[in-house]
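S.K.: Spelled out, the chains give:
Number of protein chains: 2
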Amino acid sequence: MAETPIRFGILGCAEIARKLARAIALAPNAVVSAIGSRSVDKAKTFAADTGLPPSAKAYGSYEAVLDDPDVDAVYIPLPTSLHRRWVTAAAEKGKHVLLEKPVALSAADLEEIVAACEANGVQFMDATMWMHHPRTTGMRAFLSDGERFGQLKVIHSTFTFAGGPDFLTNNIRVKADLDSLGALGDVGWYCIRAILWATDYELPKTVLASREPVINESGVILSCGSTLYWQDGKVATFHCSFLTSVVQDLTALGTKASLRLHDFAVPFQENSALFHVTSQFSSPLVSEHNVINDLPQEALMVKEFACLVASIKGNGSKPDKKWPTLSMKTQLVLDAVKASIDRGFEPVEVLSPLFATT
Amino acid sequence: MAETPIRFGILGCAEIARKLARAIALAPNAVVSAIGSRSVDKAKTFAADTGLPPSAKAYGSYEAVLDDPDVDAVYIPLPTSLHRRWVTAAAEKGKHVLLEKPVALSAADLEEIVAACEANGVQFMDATMWMHHPRTTGMRAFLSDGERFGQLKVIHSTFTFAGGPDFLTNNIRVKADLDSLGALGDVGWYCIRAILWATDYELPKTVLASREPVINESGVILSCGSTLYWQDGKVATFHCSFLTSVVQDLTALGTKASLRLHDFAVPFQENSALFHVTSQFSSPLVSEHNVINDLPQEALMVKEFACLVASIKGNGSKPDKKWPTLSMKTQLVLDAVKASIDRGFEPVEVLSPLFATT
Chain A
18 MAETPIRFGI LGCAEIARKL ARAIALAPNA VVSAIGSRSV DKAKTFAADT GLPPSAKAYG
78 SYEAVLDDPD VDAVYIPLPT SLHRRWVTAA AEKGKHVLLE KPVALSAADL EEIVAACEAN
138 GVQFMDATMW MHHPRTTGMR AFLSDGERFG QLKVIHSTFT FAGGPDFLTN NIRVKADLDS
198 LGALGDVGWY CIRAILWATD YELPKTVLAS REPVINESGV ILSCGSTLYW QDGKVATFHC
258 SFLTSVVQDL TALGTKASLR LHDFAVPFQE NSALFHVTSQ FSSPLVSEHN VINDLPQEAL
318 MVKEFACLVA SIKGNGSKPD KKWPTLSMKT QLVLDAVKAS IDRGFEPVEV LSPLFATT
Chain B
18 MAETPIRFGI LGCAEIARKL ARAIALAPNA VVSAIGSRSV DKAKTFAADT GLPPSAKAYG
78 SYEAVLDDPD VDAVYIPLPT SLHRRWVTAA AEKGKHVLLE KPVALSAADL EEIVAACEAN
138 GVQFMDATMW MHHPRTTGMR AFLSDGERFG QLKVIHSTFT FAGGPDFLTN NIRVKADLDS
198 LGALGDVGWY CIRAILWATD YELPKTVLAS REPVINESGV ILSCGSTLYW QDGKVATFHC
258 SFLTSVVQDL TALGTKASLR LHDFAVPFQE NSALFHVTSQ FSSPLVSEHN VINDLPQEAL
318 MVKEFACLVA SIKGNGSKPD KKWPTLSMKT QLVLDAVKAS IDRGFEPVEV LSPLFATT
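From first to last, the protein sequence lines are chains A and B. Here the first sequence is numbered in our numbering, starting from 18 and rising by one per residue. Here the second sequence is numbered in our numbering, starting from 18 and rising by one per residue.
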């Protein structure tokens with residue numbers, strides 16, 4: 018059943034785009050058909066370096082990728098401040114959109130992005146790779162198992178890495194005009210998504226930012242934390258930072274057991290990943306669960322996205338609303354954390370996602 | 018060098034006293050010489066069950082233990098509300114005091130306890146067993162190593178267990194007249210001590226309790242959390258609870274590496290314990306460190322305490338002020354968390370320990 022692969026265009030030669038070029042090559046239902054950069058030479062170099070197929074075209078502009086009829090979908094790893102412009106442009110050209118996180122500068126920004134995709138009938142998905150790892154499915158089954166896990170009460174997540182002097186001076190993620198949400202948008206995005214994932218995407222009612230964020234002279238967050246409160250008493254905390262060595266922890270505490278992992282966003286191993294279950298009601302107290310994946314999680318993400326696109330192209334299916342809804346919920350919490358910081362660490366209500374409930 | 022062992026009296030037949038009776042037997046420089054209970058039969062049963070030496074006396078009152086000239090030191094596992102009375106009585110009889118945690122109902126209560134010990138020249142130590150594990154020493158060396166760990170920025174600790182319906186109804190730790198601090202005093206004590214330990218006992222300047230503590234109808238905390246803030250920007254969070262399955266995690270994030278362990282208070286194994294170091298600057302990313310202990314940590318605690326007592330008895334040394342100071346610092350933070358809860362989750366300044374600085 019050799020289906021026609023979904024043809025991807027990539028907008029920009031960001032470092033992360035190299036990983037995605039490989040992921041698209043690995044996914045059985047996807048192929049890179051174009052790379053666009055503001056410099057055609059950079060695009061050509063990218064194509065050569067990442068081993069794009071000879072059929073892939075290298076363009077000296079993003080517009081050219083969007084104008085290419087051999088492009089079904091675009092992967093957009095541009096700085097966040099450019100997302101609205103380029104997603105809108107892509108959607109208007111009928112291109113499906115796989116968008117690097119953080120997806121938007123704010124929920125309002127994201128509403129426009131999602132509206133553009135909806136208006137043009139194209140699939141939207143954010144590039145949160147770990148969502149597509151089979152470990153995530155395995156952990157979901159565990160958290161949903163009332164007999165084994167009980168009721169979810171507390172979640173804690175940490176994602177940090179030490180950016181170092183060059184990163185903290187020059188990286189786009191510390192520039193107010195490019196990625197104004199800094200560490201909150203970058204690694205904090207993963208923490209918030211993981212917390213929402215653990216609650217099966219129930220939004221917290223209130224968010225209270227920790228009182229000691231580190232903010233650079235341009236106002237970009239380098240380190241921050243927050244507590245999230247749910248109506249039913251669930252509590253979550255997270256900490257995200259560019260200032261301490263790499264940690265990517267997720268812990269979920271249930272009445273009967275707890276779940277933890279230490280590589281939730283980017284697994285230590287490419288083809289298998291662990292999670293740990295601790296329960297005072299079973300023996301051994303701690304059990305280790307190893308989940309094998311046949312493809313790297315980023316290739317599984319591409320595969321899933323391409324599958325949705327193929328279904329729209331081939332069968333006239335509607336775009337799956339699950340993905341923009343998850344992006345919006347994540348963004349709403351992120352916005353509330355930012356608002357709590359901006360308002361001097363006051364509790365901030367998390368607003369309902371307007372479009373997600375329609 | 019067969020020194021005379023330090024002779025312990027135990028006040029009360031609490032469950033934890035069984036563990037200590039064994040620890041005293043295992044420690045090379047200690048022996049149980051008396052057990053006192055309000056019921057002499059219970060004391061005799063305890064002596065038989067725990068295999069106390071034939072020379073050990075079983076008394077039908079605590080006073081009798083304190084009056085026994087063959088008792089050098091007492092281990093007091095009584096409910097917290099009784100600590101001041103019995104520590105004071107013990108100190109006045111010249112008995113050294115190993116006191117179960119939480120040590121006091123408040124810093125003011127603890128000041129009286131410590132003052133009574135100081136006035137009578139007896140050693141005071143709280144029974145925080147993990148402090149005496151060689152793993153703790155190994156981790157301290159790592160945290161103090163600027164080359165490997167860098168600068169401490171963030172700490173997170175969780176200690177919870179699922180008490181279950183009987184515990185939540187009947188245990189002394191949920192009774193306002195016995196252990197009014199509930200989960201905060203019990204498991205929260207360990208979290209706070211671990212956080213202070215990680216900072217080398219630098220007190221935070223401010224404490225802000227999490228907004229969703231669970232409190233029973235008698236006003237006893239069953240579950241709570243807090244964020245702690247230091248002058249230099251360090252931040253710690255902790256969560257303690259009787260309501261979710263057992264977790265005892267400690268994570269310390271440094272600029273160059275992080276430390277974590279999942280059994281910080283009671284190691285999974287009795288004779289060895291692990292800690293994990295993660296660093297983006299070394300290979301492998303995660304390294305596991307296994308520390309062997311020749312005696313269980315509670316026996317090492319007894320050994321250390323008995324050593325201090327022997328030094329006072331034999332050489333006329335003064336009691337070591339380190340231990341009451343650590344107790345007081347822990348209590349001050351605990352009090353601040355409680356105050357923050359009581360004041361509707363306002364930030365609370367942590368007061369300086371008056372006696373500890375003298």
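Quick caveat, the hints were computed from the structure, so don't treat them as lab data. Treat the hints loosely; a few may be bogus.
Intra- or inter-copy, both count: the list cannot distinguish identical chains.
As the list claims (entries may be wrong) - List of simulated lysine-lysine pairs, DSS-like, C-alpha gap at most 30 Å:
hint : residue 1 : residue 2
1    : LYS273    : LYS36
2    : LYS330    : LYS192
3    : LYS222    : LYS320
4    : LYS320    : LYS330
5    : LYS61     : LYS222
6    : LYS330    : LYS273
S.K.: Have a look at LYS330 and LYS273 and pick one of within, between, both or neither, based on CA distance no larger than 30 Å.
M.R.: Answer is neither: 45 Å inside a copy and 49 Å across each miss the 30 Å cutoff.
S.K.: Up to 30 Å between alpha-carbons, please classify LYS61 paired with LYS222: within, between, both or neither.
M.R.: neither (48 Å within a copy, 56 Å between copies)
S.K.: Please sort LYS320 with LYS330 into within, between, both or neither, judging by C-alpha distance up to 30 Å.
M.R.: Result: close within a single copy only, 15 Å intra versus 74 Å inter.
S.K.: Pop the pair LYS330 and LYS192 into one bin, within, between, both or neither, using alpha-carbon distances up to 30 Å.
M.R.: Classified as neither; 38 Å inside a copy, 65 Å across copies.
S.K.: Should LYS222 paired with LYS320 be assigned to within, between, both, or neither, using CA atoms and 30 Å as the limit?
M.R.: neither (34 Å within a copy, 51 Å between copies)
S.K.: Tell me, please, which holds for LYS273 and LYS36 at an alpha-carbon limit of 30 Å: within, between, both or neither?
M.R.: between (39 Å within a copy, 26 Å between copies)
When held up to the earlier numbered hints, the structure conflicts with 2, 3, 5, 6 and fits the remainder.
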